[in-house]
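Participant: Residue strings, one per chain:
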Amino acid sequence: MPDFTIITDHWESYLLGLRNTVLASLLALVGSFVLGTLIAVFRIAPWRLTQFVGAAYVEVFRNIPLLLVVYGFYLGLPAFGIPLNGFVSGTLGLMVYTSAFIAEAIRAGIMAVPQGQTEAARSSGLTYAQTMRLIILPQAIKIVIPPITNQFLNLVKNSSVLGVVAGLDLMYYGDIVNLETYNTTDTYFFVALLYLLLTLPLAYASRVLERRLARSG
Amino acid sequence: MDFGKAYTSDNLQFLMEGFLYTLKLAAVSILLSFIFGVLIGTLRYARIPVLSPALGWLVEIIRNLPLLLIIFFIRFALPELGIRFSLFGSAVFALTLFETAMIAEVVRSGLRSVDKGLVEAARSSGLSAFRTLRHIVLPIGLKRMVPPLVSQFISLLKDTSLMVIISLPELTHNANIVMGQHIEIVFPTLLLVAGLYFAVNYALSLVARRLESRQS
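From first to last, the protein sequence lines are chains A and B. Numbering-wise, numbering that gives the first Met the number 0 puts 33 at position 34 of the first sequence, and it's gapless, one number per residue. Numbering-wise, numbering that gives the first Met the number 0 puts 45 at position 46 of the second sequence, and it's gapless, one number per residue.
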């Protein structure tokens, strides 16, 4: 049996860590959604230059470790005289990294909207930007919700990377508690439980949403 | 920024050693998690009473924990319970455990995507459930799984960088040491290291894309 006095004695630390994990994940989700939408539009826009920029962005950030992106903010920017703390650089790293995956999900969603709709909108006089904003994106969003839920799940798990750069998240506070209890097994057992509290409902939601979308076709 | 100071032959050699270590760790873990992943995914697909649901829960819990937590737990908590691994052993164990759960899920949904009609046809022409699985469902399903499997392998390779928390001498760890020399060489080192990870992963993703286009 795990030692429950650990969680009753240190609940404030656990809660603070949990709050920061949720906060970092939410901030990164909103940021990566905005950035990801922009990159997706870049990739499908009818201009070579934006297509190239979008594709390069996605390929680069999908193929390098998240930790390196975080290091870019945490260790790289101070070299240019811009010091950032662990929480901020961790959250920015998560945002940039995840936006590449979200861009791909959104691009797939946009491609799933029939081409004829773009043609119809364009020939009734809408500009390219209007067509995207008013016709294509609202439909694409619906298709994109399940994969984005999944990305949010990944975000929560990946936010543990903040622990590596002293980012005040659940992993970091787990370490703080561990230094006081000297009981690594039980301390991290509760850390694991708290992560599951966040991720299992998200996993369930993403499955339900996927099934619902599959049914509505 | 000082590229000259960063890319000295000593630093480059040290980073190369880390890179090779990363590749070794990834290769061993990919092999093991592929074997266990196919096994567990197939067992889950087979719907064996008690065993399949139990594995299902196990996979679900492991998949939904941060890998960093699993690495930390295996390296620092298991010894408290009297279970000890070498440094490399704990890294392989952590990666294999986590990625096996991810791959098992890929395998299971790949198998389930195989047309039911094929299974029924095989069964009604007298093949046993096991032979149907071996000769019909697995070959068709595995071919379809190639793209998600490769992207899982890419994830694994990227995730080896998390081993910095247990001071395994892989690429990111060695890069950390190099970057500690001087602030001027932080950025050039990060660029080089990112380039190395990118080269391997991009090559892998190109292979996956080629396999995918050959299928369709």
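In short, the hints are calculated from the structure, not lab data. Where a beta carbon is used, it is the ideal one built from N, C-alpha and C, also for glycine. A hint or two may mislead.
DMTMM-like cross-link-like pairs, simulated, lysine to aspartate or glutamate; straight-line CA separation at most 25 Å [unchecked claim]:
(1) B/K115 <-> A/E209
(2) A/K141 <-> A/D185
(3) B/K142 <-> B/E211
(4) B/K115 <-> B/D9
(5) B/K4 <-> B/E16
(6) B/K142 <-> A/D174
(7) B/K115 <-> B/E104
(8) B/K4 <-> B/D114
(9) B/K23 <-> A/E209
(10) B/K142 <-> A/E11
(11) B/K142 <-> B/E183
(12) A/K141 <-> A/E209
If we take Cβ atoms under 7 Å as the criterion, some of the chain B residues that face chain A in the derived model are [stated by the list, open to error]:
(13) W56
(14) L64
(15) F72
(16) F92
(17) N200
(18) A202
Participant: Check each numbered hint from earlier against the structure, then list the numbers of those it violates in ascending order.
Facilitator: Violated hints: 2, 4, 6, 8, 9, 10, 11, 13, 16, 18; rest satisfied.
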